[in-house]
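K.L.:
Below, each chain spelled out in residue letters.
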Amino acid sequence: MSGKDRLQVFPSRMAMAIMKARLKGAQKGHSLLKKKADALTLRFRQILKKIIETKMTMGEVMKESAFSLAEAKFTTGDFSHMVIQNVNKAQLKVRSKKDNVAGVLLPIFESFQDGTDSYELTGLSRGGQQIDKLKKNYAKAVQLLIDLASLQTSFVTLDEVIKITNRRVNAIEHVIIPRIERTLSYITSELDEMEREEFYRLKKIQEKKKKIRALEEKRKAALRESGIEMKEAPNILEDDEDADLLFTD
Amino acid sequence: MSFSELYFNVDHGYLEGLVRGFKGGILKQTDYLNLVQCETLDDLKLHLQSTDYGNFLANEPSPLAVSTIDDKLKEKLVIEFNHLRNHCLEPLATFLDFITYSYMIDNIILLITGTLHQRPITELIPKCHPLGSFEQMEAIHIASTPAELFNAVLVDTPLAPYFIDCISEQDLDEMNIEIIRNTLYKAYLEDFYKFCEELGGATADSMCEALAFEADRRAFIITINSFGTELTKEDRAKLYPRCGKLYPDGLQLLARADDYDQVRNVANCYAEYKELFENAGSNPGEKTLEDKFFEHEVQLMKNSFMMQFQFGVFYAYVKLKEQENRNIVWIAECVAQRHRAKIDSYIPIF
Amino acid sequence: MALASQKGRLIAVIGDEDTCTGFLLGGIGEINKKREPNFLVVDKNTSVPDIEEAFRSFLKREDIAIILIVQNVAEMIRHVIDSHVQPIPAVLEIPSKECPYDANKDSILRRAKGMFSAEDLR
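Protein chains in written order, with the working numbering: chain A, 3 to 251; chain B, 703 to 1052; chain C, 281 to 402.
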């Protein structure tokens, strides 16, 4: 594969210049992506740590909330049917914002109040204070869970993005850059080869020309001896073809 | 009625004896101490088996839920109560019916809420308290709007007079459901009070005391809970039952109260309530006001067993049993959630 | 989508009666115009397909941003939860009142754990 897997280019100096530029681009891209991946991983690890922490606190908060429900039930009696039947409009909703980490958009949830508390008078005659406490506890739990949800969404999104980025980094590092390098070395070797051929050709022609000239000199000397004077200069306008010197003996 | 004691046993002696027997089955302090020691719900079940409850949980599959215990406790109370109800004569029959009305109010409120939110009513019926079931409940599914519910069903229930007095058809749509509930309850308490007064004798003595306390407790709690809500003072004043010791002066003062301290000042004028307010607090370790009220109620109910030839024992028994159910469920919750710090805040009865 | 995020999105709950009651009191409950609630009360009579069905329908709804699910219920439909990989809606597992939170069962934490060990090996 090493020899064959290269870009299909004509081995010329032009192609070599282009390839060199591409190699530079790829290296730049690689280092940038690597930086991005590092930044994301950093953030990712922070989030992961926070998720684990929050999940543990959540256990505690939920336990407390569940217990305050038991307390409220102790004073008020069973009111859960009432609550379940009385559902109408959500008072606590979430909005999502976007947070930008190294070009990745992470959704951040935040809660907001919308409308009034429809259970304001629940437990009016009995256990109102407990229910109030219960509501506060659960509102706190919901808040925590919303934070956790943001973290978790970021976690999933980042996980995905980091995978993609790492794939790209690896692709550049292990496929694209070697391929360009191979192409470059191919071009260089081809060019060298051509140069050597050219040199050989030159030498060969020189040698042949030398022989021809020697023959010519001999012929001329013979003519001079025999008394014939040749003084005419060659006509440059004369259109006669150069004979192929290289392959004729 | 002056010789009512003479004839009491002829009509009601058997049931009074029965209810006093039932009272013997109410859990004692030692039973609670045992229950509190339990590590799991199965332990709890085992301990309950050694009490008067016997094997009421025997048929339940093993991962026992607190709600199952709750249901079974309720079921047991209902069986006992229905037994009493089936064997009684007038006027005890009416008296027992009065006791069920308070559950009926809760059921009706649940059904109204369901209809307002267009829930299938058949789904709600099993969730109603069995003590408060009434014949018309079977037919309630014909009603799909609050107006129909009012015209077709509610007017036939024993609670109809309370509705007619204070709530019109339109109110069902507009009023807050909790206000309806409390208005009904107020009418019910006043009616029950009047009925007991008419019965006279020892019944009136013990029952009026109990109902007056119930009325006053509601007035206090409603006042305290209404702080910081949309409930106006006028509306609040309308919810006070007018048959307690607070009526009329105390209620007027309560109606003007703006914060907890003012409520406490009102209570200070009444010796027995003053005491309840004095060491109540919401800090951990302290008993809340509501717990204090519960304790006082239990005390009153126990006192009513001191008197013979009167109906107060029936009311007292139901109330004590209810408190006991709450206690058991509380302990069960604490055990199930492994949250033992507060397990001792149940209200001991005997 | 844009409209939904402008108006604010909901939190859905799947859990036992007490958990639902608590969160509803916390003010997250809503019944929409089609009379679909955003919560499901699971009791011992609720079948697993019902829970799955409800969970899937919550996933499909655009107005739901977060789904809270009680861990022991999540166990019942684990395969469905594991197959949900999109970031939104976020599925959160919460402890129920009787079972304390067990991090080893959580889909997300399991993924996190796997990643941690893989990274540590490197």
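Because the hints were derived from the structure by calculation, they are not lab data. In this text, a Cβ means the ideal position worked out from N, Cα and C, and glycines have one as well. There could be a bad hint or two in this list.
Claimed, not checked - Calculated lysine to any residue pairs in the SDA-like style (CA-CA distance at most 20 angstroms, straight line):
#, chain 1, residue 1, chain 2, residue 2
1, A, Lys135, A, Thr78
2, A, Lys165, C, His364
3, C, Lys313, B, Leu818
4, B, Lys774, C, Glu297
5, C, Lys324, B, Leu759
6, A, Lys26, A, Leu225
Claimed, not checked - If you want a taste of the chain B side facing chain A, the calculated C-beta under 7 angstroms gives, among others:
#, residue
7, Asp713
8, Tyr716
9, Glu718
10, Leu720
11, Lys829
12, Pro832
13, Asn884
14, Asn927
15, Lys989
16, Glu992
17, Gln1025
18, Gln1039
19, Arg1042
K.L.:
Look at each hint and say if it fits the structure.
P.N.:
Evaluation of the provided hints:
Pair hint Lys135/A plus Thr78/A holds up; C-alpha atoms about 13 angstroms apart against a cutoff of 20 angstroms. With a C-alpha separation of about 18 angstroms, the suggested pairing of Lys165/A with His364/C holds against the 20 angstroms cut-off. With a CA separation close to 14 angstroms, the supplied pair Lys313/C and Leu818/B stays within the 20 angstroms bound. For the proposed pair Lys774/B and Glu297/C, the alpha carbon gap of about 17 angstroms is at most 20 angstroms, so the pair holds.
With a C-alpha separation of about 17 angstroms, the suggested pair Lys324/C and Leu759/B falls inside the 20 angstroms cut-off, and the hint holds. A C-alpha spacing of about 66 angstroms is found between Lys26/A and Leu225/A, which places the hinted pair above 20 angstroms, so the restraint is violated. Because the closest C-beta pair between Asp713/B and chain A is about 33 angstroms apart, greater than 7 angstroms, the hint is violated. Annotation: Tyr716/B was flagged as interfacial toward chain A, and the flag is violated, the nearest CB pair being 31 angstroms apart, outside 7 angstroms.
The closest approach between the C-beta of Glu718/B and any C-beta of chain A is roughly 27 angstroms, which is over the 7 angstroms cut-off, so the hint fails. Of the supplied interface hints, the one on Leu720/B is violated, with its beta-carbon coming no nearer than about 26 angstroms to a beta-carbon of chain A, more than 7 angstroms. Because the beta carbon of Lys829/B sits about 5 angstroms from the nearest beta carbon in chain A, less than 7 angstroms, this interface hint is met. The beta carbon of Pro832/B is not positioned within 7 angstroms of any beta carbon in chain A (closest approach about 13 angstroms), and the interface hint is therefore violated.
Against a cut-off of 7 angstroms between C-beta atoms, the interface hint on Asn884/B holds, since the closest Cβ of chain A lies about 5 angstroms away. This hint holds: Asn927/B has a C-beta 3 angstroms from the nearest C-beta of chain A, less than the 7 angstroms allowed. Hint status for Lys989/B: violated, given a least beta-carbon distance of 11 angstroms to chain A, over 7 angstroms. Annotation: Glu992/B was flagged as interfacial toward chain A, and the flag holds, the nearest CB pair being 5 angstroms apart, inside 7 angstroms.
A cut of 7 angstroms between beta carbons decides the hint on Gln1025/B: the least distance to chain A is about 10 angstroms, and the hint is violated. A hinted interface residue such as Gln1039/B counts as satisfied when its beta carbon comes closer than 7 angstroms to some beta carbon of chain A; here the least separation is about 6 angstroms, so the hint holds. With its C-beta approaching chain A no nearer than about 11 angstroms, Arg1042/B sits outside the 7 angstroms limit, and its interface hint is violated.
In the structure shown, a violation is registered for the earlier hints numbered 6, 7, 8, 9, 10, 12, 15, 17, 19, in ascending order.
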